[in-house]
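Asks: Residue numbers (this note's numbering), protein chains in the order written: chain A, 11 to 272; chain B, 11 to 272.
Heads up, some of the hints might be wrong.
Identical chains blur together in the list; that is why a pair holds if it fits in one copy or across any two.
As the list claims (entries may be wrong) - Taking lysine-lysine pairs in the DSS-like style, the calculated list, with each CA pair at most 30 Å apart, reads:
no. : residue 1 : residue 2
1   : Lys-106   : Lys-222
2   : Lys-106   : Lys-252
3   : Lys-252   : Lys-242
4   : Lys-109   : Lys-242
5   : Lys-222   : Lys-252
6   : Lys-242   : Lys-215
FYI, nobody ran anything at the bench for these hints, they're computed from the structure.
Each chain, written out:
Protein chains: 2
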Amino acid sequence: MYYTQGVDLGCDFSACQMESLNLWPFVAQGKSVAQLPRHSVLEAARRMPIFSALDDQAVELVLSRCHTIRRPAGTTLFGSGEPAERFFLILAGRVKLYKLSPRGDEQILHMYGPGITFAEAAVLSGAAYPATAEVVEDAELLAVGRTEIRRAIEANPDLAMGMLAGMSAKLREFNRLIEDLSLKDVPARLAGLLLRLAAQAGTDKFDLPQTKRELAGQIGTIPETLSRALAKLKSANLIAVKGRHIEIRNRQALSELAEGGL
Amino acid sequence: MYYTQGVDLGCDFSACQMESLNLWPFVAQGKSVAQLPRHSVLEAARRMPIFSALDDQAVELVLSRCHTIRRPAGTTLFGSGEPAERFFLILAGRVKLYKLSPRGDEQILHMYGPGITFAEAAVLSGAAYPATAEVVEDAELLAVGRTEIRRAIEANPDLAMGMLAGMSAKLREFNRLIEDLSLKDVPARLAGLLLRLAAQAGTDKFDLPQTKRELAGQIGTIPETLSRALAKLKSANLIAVKGRHIEIRNRQALSELAEGGL
DNA sequence: CGGGGTGTTGATTCCTATCAAACCAAGTGG
DNA sequence: CCACTTGGTTTGATAGGAATCAACACCCCG
């Protein structure tokens, strides 16, 4: 299995996103986070929507009140029904979330790997953990406490604004993605992506920033299909492609395609 | 056109979600919001993720500092580059967001209708509006100011926690939806939905809460396909269907289907 | 020179949207 | 009480998009 189809969310709210491993090179290298330069943890945290819009200083401020922890397989991080005190970002290892059904059997809800944040909603809303979390592979986690977050925003309301901004931006992005996935075909999604890239680059001639596999992931498809979609746009003379260099030839038509879908 | 395919996001971050009109009965009735009981505006606001996790009292608290405004077609709500002071929830009418390209022509970015919130990210992050917003159909809007939000959370940090919780929950929900859409087929998504409904009901025997069209929307498909998927699950003996009453017969297999996708 | 990763192209299959028709239930109005 | 309508639901036939499988052309690097 090389890769399974699926959207690259570019953020840590996804379950089962094993492929995001490539986004965690230091984990792949087996290094412990503790040995890592501070900025790596910072970068990791930045991948959480809640921190994504904050500047380094602000993230540092919050992180300084948190700690990374290690737990061997078998450890229970928290139990269902306990007051939700802290949420976790998995840096390495795997964690299982489960509930006990009325009949007493274990109902596995999720299996999370590196890059995933879990239990934030429960923590932020001040509720109880709705499930039990157990480490199933020796794990290293960043734990963020409710009181730490609360104190931080109490001391500096702008921090809260920044957090809300980050989540808002992510929400918007997700929203666009959902729309695209549910009502546009691949060429239309590609057209949209190209327009965004062009806007970002500031020119109508630019280079693709990532490998085509990654680009394919961003629009919820696979490299083969992306390749065909590019060929299609090219043959319709909407764009010119040379290697990874793209030139938009007909912005108007490209926009219409991106908007109108099929 | 009766309905176009597309996911019912159940929230107001979606562009082009005309169908959400059915969720705004009072708009369809042509009533002005100003005449409406307070709780309707409240309910409308509650549809914004940022307010979704707050209790009535808290929403009231924030709303009391905001106002609903009416603007005739042609009005410019804000211009690109201006400091982002407030964001808007469209109660009625339509708003166009556009940018002026370097060459001076108008580049339409979005066309928003009732139920849509826009510009929150810019406002919350304290940036400038990235585009210009112009009313194209006489509109009624709920305006939420940056300073109002900020003051509210300054006065009560728990309010910020609640907002973060709401957005967090929405983000998680969206995330699941994206995964589902991109890597599971309709029967698998349906299986997941049924399991969630069962969990919510507390039993394995329950009634479908909405029409099948709405349910179809929730999993990003259309009634016909939903119907076929139900038939498929039924014939595989995973569930029993009678009218809108559902009984889960094989929870185990249903879970596997929901997890494994195809 | 032989891999391994990347990108392209072709054939095939499967899923699902679309179109079309029919059924059922609940009103509605004569 | 019976057409007649209307909306929800189902079923069938069809077509199109895209994933999958497979083969191949590059390119870089050891």
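Asks: Taking the hints in turn, state whether each one holds.
Replies: Comparing the hints with the structure gives:
For a Cα distance limit of 30 Å, the shortest separation of Lys-106 from Lys-222 qualifies neither inside one copy, at 32 Å, nor across copies, at 33 Å. For the identical chains of this complex, Lys-106 and Lys-252 are neighbours neither inside a copy (46 Å) nor across copies (36 Å), given an alpha-carbon limit of 30 Å. Taking CA atoms no more than 30 Å apart as the test, Lys-252 paired with Lys-242 passes inside one copy only; the shortest distance there is 14 Å, against 47 Å between copies. When the C-alpha separation of Lys-109 and Lys-242 is checked against a cutoff of 30 Å, the pair qualifies only between copies, where the shortest distance is 28 Å, while the shortest distance within a copy is 48 Å.
With identical chains, the CA atoms of Lys-222 and Lys-252 are at most 30 Å apart within one copy only, with a shortest distance of 13 Å there and 48 Å across copies. Taking the closest pair of Cα atoms, Lys-242 and Lys-215 come within 30 Å of each other only inside a single copy of the chain (18 Å); across copies the shortest separation is 49 Å, beyond that limit.
Going down the numbered hints, you'll see the structure goes against 1 and 2, while the others check out.
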